[in-house]
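Participant: Spelled out from the first residue to the last, the chains are:
Protein chains: 2
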Amino acid sequence: MYIVLLSGGSGKRLWPLSNDLRSKQYIKLVNDEEDTKEKCSMIQRVWKQLEKSGLASHSIITASKGQVEIIKSQLGNVDIAVEPNRRDTFPAVAISCAYIKSVMGAKKDDVVAVLPVDPYTEDAYFETVKHLEKILTVSDAEIALMGAEPTYPSEKYGYIIPGKQGKEYIEVKGFVEKPDKERAKKLLDEHAIWNCGVFCFRLGLMEEKAEAYGLKLDYHEMFNHYDKLPKISFDYEVLEKSEHLVAASFKGLWKDLGTWNTLTEEMGSDSIGNTIMDKQCENTQVINELDIPVVTMGTKNMVVVAAYDGILVADKNQSSYIKDVTAELHMAPMYEERRWGTLKSIDRNSKDGEFTLTRKIKIFKGKSSSYHYHEHRIEIFTALSGEAEMILEGVKITLTQGSAICIQANQKHAIQAITEFEYLETQVGAAVGNDDITRITFNWDEIPVAVLN
Amino acid sequence: MYIVLLSGGSGKRLWPLSNDLRSKQYIKLVNDEEDTKEKCSMIQRVWKQLEKSGLASHSIITASKGQVEIIKSQLGNVDIAVEPNRRDTFPAVAISCAYIKSVMGAKKDDVVAVLPVDPYTEDAYFETVKHLEKILTVSDAEIALMGAEPTYPSEKYGYIIPGKQGKEYIEVKGFVEKPDKERAKKLLDEHAIWNCGVFCFRLGLMEEKAEAYGLKLDYHEMFNHYDKLPKISFDYEVLEKSEHLVAASFKGLWKDLGTWNTLTEEMGSDSIGNTIMDKQCENTQVINELDIPVVTMGTKNMVVVAAYDGILVADKNQSSYIKDVTAELHMAPMYEERRWGTLKSIDRNSKDGEFTLTRKIKIFKGKSSSYHYHEHRIEIFTALSGEAEMILEGVKITLTQGSAICIQANQKHAIQAITEFEYLETQVGAAVGNDDITRITFNWDEIPVAVLN
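Protein chains in written order, with the working numbering: chain B, 1454 to 1906; chain E, 1454 to 1906.
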């Protein structure tokens, strides 16, 4: 059995901590199961649970290109199916299956289970995932789904409506999305279960679906022709057209940590970062990743998040509508996490058509950049701490605290951290940002260095 | 009649907008009386009112050294009595009177009225101030005070208890500070009035009081021996020992804008800066001076302030206790306003005993620094916008966008803005901050410049 963890999401639901280059699943906010003093990210938590249940060796993560570095920094060298661009869940599942077939050698009859990356759950969940393979065989259904037994008539979740109840599985009669309170109560009476968003099927099914769009289940082919697949969800394209669906249910902890309301309940502490709360605060969680303090006084049922991208002050119930509000925001992410370090925007200027962008950049010990140049900007580096080597037009220069260097447009340069190295980079020119870059080589050891006499 | 505006205050009551180098009275938050689209500061508002009432020409402002530049930038070239260090209101009133005598040539029998800098009031207030001189003469009292007629039984203000009520004035029987509701109601029945914190007396009175500490009412002498005066309030040292006090009352708008609760009522709009409020917010004011957005959702009766020094999220009633909470904070101010421009700390690093401090500095057109050097640090300047001239060890250098310059320890340098000029300054060394500076000359035109051939 193969497992696909779908690591998508726009990053807007946990604004301001998440952004397009920093998705909620990578932020270290939830309690580590084993060490409650440590916080881990959602993806780290679910991966640990996959390892524990023996499923990890056949698991892959499907993510966009921009997420590859952070996944590797959090999980090490795991299998990642890369989406060349964001489409929807049907194409994402298709390219996942292509990866499983081409890279991992899976066969037509092998079973694949697709899991969301952000369930907050416990071991029983993964045992039920394993059980899905069995019920797929026993029932001869096209797709097996997974549900959690409801503990209350939630209006926020989707429900699976049961038909005939077998010994090992449930026939699926239909679905209901986010019912109102009354309908939710009736659904509980009808033994409906919460839809966990898990699909399990045989690889052959996706082979047929891909062929319908003229594509083979081949990773490289699909990567190069990803645009042939429509922007449509797996639910619409596959699930709703399916004639025979079954489901298994499990009883136990299961929560969607997709909103501040649900996430703050699992934080384990009321505050993270530099915060002061007075004694009149009630049921309030404060997360602060800025250097300046956050002071809360007399707040009730609130979540306060101060992050590089913005500040959120929300009544907890109201916070679930954040996507509607932040849709108005069109700002470049202020903070990016990479495999080799982090980037934080600290100043932007645009005046009379002249642009500057200053970022504080941290490079982890031993990591290096590519050898590259920029056509339309100069860059000024000011070293803040640690030690690094720079190669500028073939000449090696050592940078230590207080070193400053000015890199002209078209000058080739690369940097490698000898110890953890922090510096300010000020970009000045007609085009600042990430686009104006031409790479000569990615590998530090291959950069030509002049020998000075 | 001379007017002293006491511009003291620790700056903690309107945290995070106010700090030790940025007091509440200078922040442009209140509506301008004449142009409601413009915001002005409390001191600008009260100074305009003094001008309107004809009192400004005999008015001085008493403030600490650090406030001189911002007062001049907001009010122009006004008379300022400088406190060499912060003591309390008795020493502050004494040095004010010394200034009025030495610099403005006032005589023993001249009348001085001391006013707080932050009343939110109307013209009638200043007419009553003028009236104080008359009642001081008619009553032959030592001190005349001013009260506002209460409009409700406030528990937050102090009260003046009236004795015999004359035609032109009230004999003062005593004082009550912040009574409870019941007591406040009784005070209203007794015709008590709110104490506006205004004292009026003849210069001779302070002459005697200063002599008791071995000091003459001479500005330079008092400036040099300010420590001889005890750290005690004018209330304790003078008012409570006084045998004959009278008061005048006025009817009209009078508010203490000293807390977020009262200040936000006079803002005239619900938000300042980059903010988004959803429709579920009620009675909420948001002030944001940061570049990143503040989003508020479903907040009720709250004040949210995001400033360079920190972030406050407070229930309005609770916000009046802010001094107790922020007393725990011991941070250097992140933002400073000067006569010549502004300074904003944007990054601080301290690692293994090495310090760096990066500030974004703006110099107004035509303004310049002194010619100076630092013993224990180097400085790297990166020009962001505008144009400036620098003199470095006698050599003139032009700085435009993208210019970077490294100033070694002990290298003499000065900078003058040709157009409004913004740059990043990174300090690196054993001592970063404002202390390590040796000035050669303050005047740009006197800096020796080498002539290059």
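There's no promise every hint is true.
Identical copies carry no separate label here, and so any pair may be met within one copy or between two of them.
For lysine-lysine, the following DSSO-like pairs were computed, each having C-alpha atoms within a straight-line distance of at most 30 Å [to be verified]: (1) Lys1617 x Lys1505; (2) Lys1753 x Lys1634; (3) Lys1560 x Lys1492; (4) Lys1753 x Lys1620; (5) Lys1684 x Lys1492; (6) Lys1732 x Lys1753; (7) Lys1732 x Lys1634; (8) Lys1820 x Lys1753; (9) Lys1820 x Lys1631; (10) Lys1631 x Lys1753; (11) Lys1753 x Lys1465; (12) Lys1609 x Lys1732; (13) Lys1617 x Lys1631; (14) Lys1561 x Lys1481; (15) Lys1753 x Lys1617; (16) Lys1797 x Lys1583; (17) Lys1804 x Lys1815; (18) Lys1818 x Lys1634; (19) Lys1561 x Lys1776; (20) Lys1639 x Lys1704; (21) Lys1634 x Lys1815; (22) Lys1804 x Lys1694; (23) Lys1505 x Lys1865; (24) Lys1501 x Lys1639.
If you're looking for bench data, these hints aren't it; they were derived computationally from the structure.
Participant: Could you check the structure against the hints above and give me the numbers of any it violates, in ascending order?
Facilitator: 1, 3, 4, 5, 8, 9, 14, 15, 16, 18, 19, 21, 22, 23 and 24
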